[in-house]
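Protein chains: 2
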Amino acid sequence: MTPDWIAVDWGTSNLRAWAMGPEGILAQAMSDDGMGRLSPDRFEQALLSVIAPWLGSAVMPVIACGMVGSRQGWHEAPYRAVPCPPLDRAGMVRVPVNDPRIAVYIAPGLKQVQPADVMRGEETQIAGALALHPGFDGVMCLPGTHSKWAQISAGEVVSFQTYLTGELFALLSEHSVLRHGMAGTGWDDAAFDAGLSAALSRPDRIGAQLFTLRAEGLLAGLSPDSARARLSGLLIGVELAAAKPYWLGQAVTLIGAEALCRSYARALAAQGVEARTLPATECTLAGLASLARTLETAR
Amino acid sequence: MTPDWIAVDWGTSNLRAWAMGPEGILAQAMSDDGMGRLSPDRFEQALLSVIAPWLGSAVMPVIACGMVGSRQGWHEAPYRAVPCPPLDRAGMVRVPVNDPRIAVYIAPGLKQVQPADVMRGEETQIAGALALHPGFDGVMCLPGTHSKWAQISAGEVVSFQTYLTGELFALLSEHSVLRHGMAGTGWDDAAFDAGLSAALSRPDRIGAQLFTLRAEGLLAGLSPDSARARLSGLLIGVELAAAKPYWLGQAVTLIGAEALCRSYARALAAQGVEARTLPATECTLAGLASLARTLETAR
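Protein chains in written order, with numbering that gives the first Met the number 0: chain A, 0 to 298; chain B, 0 to 298.
Quick caveat, the hints were computed from the structure, so don't treat them as lab data.
It cannot be assumed that every hint is accurate.
Lysine to any residue pairs mimicking SDA-like chemistry, simulated, CA-CA at most 20 angstroms apart [as the list claims (entries may be wrong)]:
1. K110/B with H179/A
2. K110/A with G180/B
3. K243/A with A197/B
4. K110/B with L217/A
5. K243/A with S200/B
6. K110/B with S222/A
7. K110/A with G220/B
8. K110/A with L217/B
9. K243/A with A197/A
10. K110/B with V176/A
11. K243/A with R201/B
12. K110/B with C83/B
13. K243/B with R201/A
14. K110/A with G216/B
Sample of chain B residues facing chain A (criterion: CB under 7 angstroms; computed from the structure) [said to hold, decoys possible]:
15. L163
16. P202
17. D203
18. L209
19. F210
20. A240
DEER-style ranges, computed between Cβ atoms [what the hints assert, rightly or not]:
21. A80/A with H174/B: 29 to 37 angstroms
22. G154/A with R70/B: 55 to 63 angstroms
23. T144/B with E295/A: 54 to 62 angstroms
24. K243/B with Q113/A: 23 to 31 angstroms
25. S38/B with A51/A: 44 to 52 angstroms
26. S196/A with E273/B: 33 to 41 angstroms
27. W186/A with D3/B: 52 to 60 angstroms
28. D31/B with P77/A: 43 to 51 angstroms
29. E281/A with E273/B: 53 to 61 angstroms
30. W186/B with G137/A: 42 to 50 angstroms
We put the CB at the ideal spot given by N, CA and C, even for glycine.
Please put together the full structure from these sequences, using the hints given.
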């Protein structure tokens with residue numbers, strides 16, 4: 000089995016690769032050699048250890064997106080400034096490698112000067128969503144560690160904004176005093192809704208809502224499932240409060256992990272906003288494939 | 000040197016003890032045997048290893064406050080419900096010990112049923128502030144890992160509210176993606192003021208303000224000192240936005256670490272609120288001393 004090209008999503012904490020043929024995915028592999036744990040001279044070996052079984056005698060195009068292209072990554076792929084199409088051929092950076100069997104390209108991220116913002120990886124998902132739904136005009140939301148909201152028009156990212164929601168949830172639920180009342184993995188939709196509604200109606204009071212989760216655990220028997228779900232509702236609510244200019248009166252396309260997108264869709268539905276969800280990996284691959292096609296055309 | 004009694008402030012991360020004589024502090028000592036790292040059977044030895052040099056032939060009263068009295072601590076001192084005086088003789092819990100040279104008492108914390116809230120340790124500082132300023136009526140703010148705002152009237156804590164501000168600052172500046180742009184220990188008053196003003200005027204937009212610190216570091220050369228000071232301003236601003244019912248039109252007494260109280264005083268002054276600062280340790284000792292006097296009276 001020799002693929003036409005190899006797709007790579009290389010983030011801070013892991014590396015995922017797909018062997019791509021004319022009909023789509025032939026094989027996939029991953030490792031925890033994320034950009035965050037590699038020095039620049041170790042990226043090529045980390046990549047080869049995952050994709051070596053797919054290499055043949057011809058030079059294999061490898062197209063990567065994500066934090067691998069940051070200044071602290073393998074090789075910097077300088078941000079492109081919005082408004083611009085999420086990906087384009089000219090922005091791709093060819094990485095010098097030692098192994099003659101691979102030709103590695105990194106897709107650059109996007110930057111916005113005012114208000115200052117950056118993304119790396121999400122631009123590829125946005126490009127993929129556009130490839131899957133040509134002519135899309137509207138708002139995309141990519142929930143995650145750093146949630147992104149993007150305004151898309153005429154094939155370009157017009158503006159975007161990042162929220163620390165996922166990272167705040169992880170820090171508060173695993174590393175703050177609130178963790179004591181949040182063990183386990185269960186869920187409570189009603190508690191999520193209550194947190195969401197409290198944060199959306201009075202986002203200015205978020206500072207007072209967090210410790211209450213701990214105090215209700217101590218004094219009123221708030222269950223760990225309810226506490227965790229309400230924290231999620233509070234944080235997504237504060238994000239939605241700030242992102243209102245993006246979603247108010249709009250149809251929203253969500254791109255991300257299934258469970259998280261379900262929470263966002265539920266939150267948006269409570270505000271009368273309909274959301275459609277696209278799977279993140281499918282979008283990533285469609286975005287990288289659009290770059291692969293431009294390479295073929297250029298050959 | 001044999002003191003009359005020993006004061007102990009025993010929090011989650013350390014233990015501080017003072018040998019107290021008729022004129023005040025005779026000696027002090029501390030260890031990092033905080034409540035967070037001790038199982039119940041190790042508290043007595045942890046205490047003795049700090050205070051043993053001060054013990055004589057008579058039984059020594061030891062009066063402790065803080066997390067040592069929590070359910071996970073040495074011996075639970077059940078919360079007293081507000082409204083009530085911050086400390087009183089009847090609430091003190093005598094801890095069973097093996098060493099006949101010590102008589103250990105723990106001061107209980109306070110709870111508020113609705114909105115649910117708790118404190119342990121701060122009630123002693125409030126009692127101390129009242130002892131230092133008898134007849135005080137108004138608002139006390141105790142900035143810290145978990146900032147507390149308390150309404151005091153007629154010698155009682157009427158209501159209080161806790162904010163995770165200090166813990167959020169530590170998590171975001173040391174453990175989130177923002178840490179990359181916040182190394183060092185310098186400061187920037189103008190950046191603090193800018194963050195404060197942004198958060199106070201639009202607290203609903205806090206979700207969008209945090210990642211901007213990282214993006215401005217990458218794109219606009221925001222310095223680590225400015226980024227850290229602006230984060231502090233943003234978080235204190237969000238706290239002040241939610242705590243407005245406490246401070247609006249009030250004189251505020253701050254109790255806490257000097258530099259942090261200066262930041263809060265600066266923030267309050269920008270809102271036209273005058274704040275007086277009392278040193279935290281002095282208040283803790285005055286609060287514990289008020290309990291020591293009730294013990295003497297009872298003997």
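For each hint, the structure was consulted:
1. K110/B with H179/A: holds, 18 angstroms
2. K110/A with G180/B: Since the Cα atoms of K110/A and G180/B sit roughly 17 angstroms apart, the hinted pair holds (cutoff 20 angstroms).
3. K243/A with A197/B: Roughly 17 angstroms separates the two Cα atoms, so the pair holds.
4. K110/B with L217/A: holds, 10 angstroms
5. K243/A with S200/B: Roughly 17 angstroms between the alpha carbons, so the hint for K243/A and S200/B holds.
6. K110/B with S222/A: holds, 19 angstroms
7. K110/A with G220/B: Measuring from Cα to Cα gives roughly 14 angstroms; hence the hint holds.
8. K110/A with L217/B: Holds: K110/A and L217/B sit about 10 angstroms apart, inside 20 angstroms.
9. K243/A with A197/A: holds, 15 angstroms
10. K110/B with V176/A: With Cα atoms ~17 angstroms apart, K110/B and V176/A stay inside 20 angstroms; holds.
11. K243/A with R201/B: Satisfied, since the Cα-Cα distance of roughly 13 angstroms is no more than 20 angstroms.
12. K110/B with C83/B: holds, 10 angstroms
13. K243/B with R201/A: Distance of about 13 angstroms is within 20 angstroms: holds.
14. K110/A with G216/B: With Cα atoms ~12 angstroms apart, K110/A and G216/B stay inside 20 angstroms; holds.
15. L163: Check passed: Cβ of L163/B comes within 5 angstroms of chain A, closer than 7 angstroms.
16. P202: Holds, about 4 angstroms.
17. D203: Holds. Min distance 4 angstroms.
18. L209: Where the cut-off is 7 angstroms and the nearest Cβ of chain A is about 5 angstroms from L209/B, the hint holds.
19. F210: Holds, about 4 angstroms.
20. A240: holds, 5 angstroms
21. A80/A with H174/B: 29 to 37 angstroms: holds, 30 angstroms
22. G154/A with R70/B: 55 to 63 angstroms: For G154/A and R70/B the Cβ distance comes to about 59 angstroms; the hint holds.
23. T144/B with E295/A: 54 to 62 angstroms: For T144/B and E295/A the Cβ distance comes to about 57 angstroms; the hint holds.
24. K243/B with Q113/A: 23 to 31 angstroms: holds, 30 angstroms
25. S38/B with A51/A: 44 to 52 angstroms: holds, 50 angstroms
26. S196/A with E273/B: 33 to 41 angstroms: Taking Cβ atoms as reference, S196/A and E273/B lie about 37 angstroms apart, which means the hint holds.
27. W186/A with D3/B: 52 to 60 angstroms: holds, 55 angstroms
28. D31/B with P77/A: 43 to 51 angstroms: Holds: the Cβ-Cβ distance is about 46 angstroms, inside 43 to 51 angstroms.
29. E281/A with E273/B: 53 to 61 angstroms: The hint (53 to 61 angstroms, Cβ to Cβ) holds, given that E281/A and E273/B are roughly 59 angstroms apart.
30. W186/B with G137/A: 42 to 50 angstroms: holds, 43 angstroms
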